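Based on the provided sequences and hints, a complete structural model is requested.
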Amino acid sequence: MEKQSKLIDIRSLSLSELKDKLTAMGEQGFRAKQVFEWLWVKSCTDFDQMSNLSKSLRETLKQHFVIRAVQVKQSQISSDRTIKSSFTLYDGNIIEGVLIPTPDRMTACVSSQVGCSLTCKFCATGYMDRKRNLQPDEIYDQVVLIAKQAEEKYQQPLTNIVYMGMGEPLLNYSGMMKSVERITAPDGLNMAAKRITVSTAGIAKMIKKLGDDEVRFNLALSLHAANDKKRNEIMPINEQNSLQALAEALKYYYAKTKNAVTFEYIVFHNFNDEIQDAKELAKFCKHVPCKVNIIEYNPIALADFVNAEADKIDQFAEYLRGQGVITNVRRSRGKDIDAACGQLAIKEEDANLVAD
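Under the working numbering, the first residue of the sequence shown is numbered 450, with each subsequent residue one higher.
Rather than coming from a laboratory, the hints here were simulated on the basis of the structure. This one's a predicted model, so the numbers in the text were calculated from it and none came from an experiment. It is possible that part of the hints are untrue.
[As the list claims (entries may be wrong)] Each pair of labels, with its calculated beta carbon distance range: (1) Q498 to K735: 33 to 39 Å; (2) K707 to S500: 40 to 46 Å; (3) S566 to I457: 25 to 31 Å; (4) S528 to S461: 36 to 42 Å; (5) K678 to D469: 52 to 58 Å; (6) E600 to D578: 33 to 39 Å; (7) K654 to P748: 29 to 35 Å.
[What the hints assert, rightly or not] Derived DSBU-like pairs: lysine-lysine, alpha-carbon spacing no greater than 30 Å straight-line: (8) K511 to K470; (9) K735 to K602; (10) K732 to K700; (11) K643 to K511; (12) K761 to K658; (13) K657 to K705; (14) K740 to K658; (15) K732 to K705; (16) K570 to K658; (17) K679 to K580; (18) K658 to K643; (19) K654 to K602; (20) K728 to K679; (21) K602 to K570; (22) K761 to K627; (23) K657 to K580; (24) K504 to K468; (25) K511 to K482.
Each residue gets a CB set at the ideal place from its N, CA and C atoms; glycine is no exception.
Put into structure tokens, the structure is as follows:
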């Protein structure tokens, strides 16, 4: 491990940086492009498998560089075909990702941080400490591993990616953006940016930064309440990022990108499930072109929240539609496994503590 710590993480280098390193070692410059293709197009995590490189070059790479590949630790398959996986990182930390199959798409839900610092009251990850941000290659690896599950289990390619796993993507802005660049680049996975959605709990200044960067991927805001009092109660981040501040940031973002926004809204029993709540949400939806995804809640042992009654959810959705708001109801996935965000990782973390 000590030797490994002295090696350069090869996937932290740009193509030009890799070229400089290799030419300094006496290798020909064009070799960098070959290695880069192995890393990012073919998703190779073993220098020995880079078959069009000479054996001596492969040995040189092993002496100077390391590939810190993410590994699948455990997978659970739900009766609805959802696959939840825990992943082990090079430093022993555990994250998680989910393959969500539906009739018309195969979606990878990926994490952006180890744990989370936002303490949302209904989210299992919110009860974990944030240990660190994920590197771009660690996010990329989740996509590759989940895509492999889609191909092997269901013989279908991955169609969509959502940054809705552990962590707040906008608090790992650089890592998130670089991972999207590698996933969408022609010399990467070459996936369309429109197939990617980044979900945020709502950090106004970073939403504006997305606008300044004129991103092409989709933005989703986890709203869950459209008045500040209720949102403060369940999402402490709202105390520094009020609904008014978020509305202004979203207007700025839309002016820069012309991308419609998705609002995610969990309808909790006896909390935000009345028509008055729907009225407040419909009013908030007037700020920018948008749609609402009503999400069925996956209860966790750490919180007292439960899903609203089915007829309440239907009435809520119908009210929004009556106000001209595009509204989808997303049924909960993986109810029979630890599919709520953070559940499996917490279980793994607890198991490790017992083992230690």
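Point to revise | Given hint K643 paired with K658 - CA-CA distance at most 30 Å | key: The hint holds at about 18 Å.
Practice item. Could you check the hint for me, namely that E600 and D578 are 33 to 39 Å apart, CB to CB? Key: holds, 35 Å
Practice item. Could you tell me whether the CB distance from S566 to I457 stays inside 25 to 31 Å? Key: Distance hint for S566, I457 holds at roughly 29 Å.
Exercise for review: Assess, step by step, whether the Cα of K728 is no farther than 30 Å from the Cα of K679, and give holds or violated.
Suggested key: Holds, at about 14 Å.
Check your understanding: Is the distance from the Cβ of K678 to the Cβ of D469 consistent with 52 to 58 Å?
Key -> The hinted range 52 to 58 Å holds for K678 and D469, with Cβ atoms some 55 Å apart.
Practice item. Decide if the proposed pair is consistent with the structure: K761 and K627, CA atoms, cutoff 30 Å inclusive. Key: violated, 41 Å
Practice item. Measure nothing beyond the straight line between the CA atoms of K740 and K658; if it is 30 Å or shorter, mark the hint as holding. Key: With Cα atoms ~22 Å apart, K740 and K658 stay inside 30 Å; holds.
Exercise for review: Return holds or violated for the Cβ distance of K654 and P748 against the range 29 to 35 Å.
Suggested key: holds, 33 Å
Exercise for review: Below or equal to 30 Å on CA atoms is what counts here, so check K732 against K700.
Suggested key: holds, 14 Å
**Study point:** Pairwise hint evaluation, K482 against K511, where the allowed Cα distance is 30 Å at most
**Key:** holds, 17 Å
Review point. CA of K654 to CA of K602, is that 30 Å or under?
Key: Outside the cut-off at roughly 41 Å; violated.
Exercise for review: Sort out whether K511 lies within 30 Å of K643, counting only the CA atoms.
Suggested key: Roughly 37 Å between the alpha carbons, so the hint for K643 and K511 is violated.
In this structure, the hints that do not hold are numbers 1, 9, 11, 12, 19, 21 and 22, in rising order.
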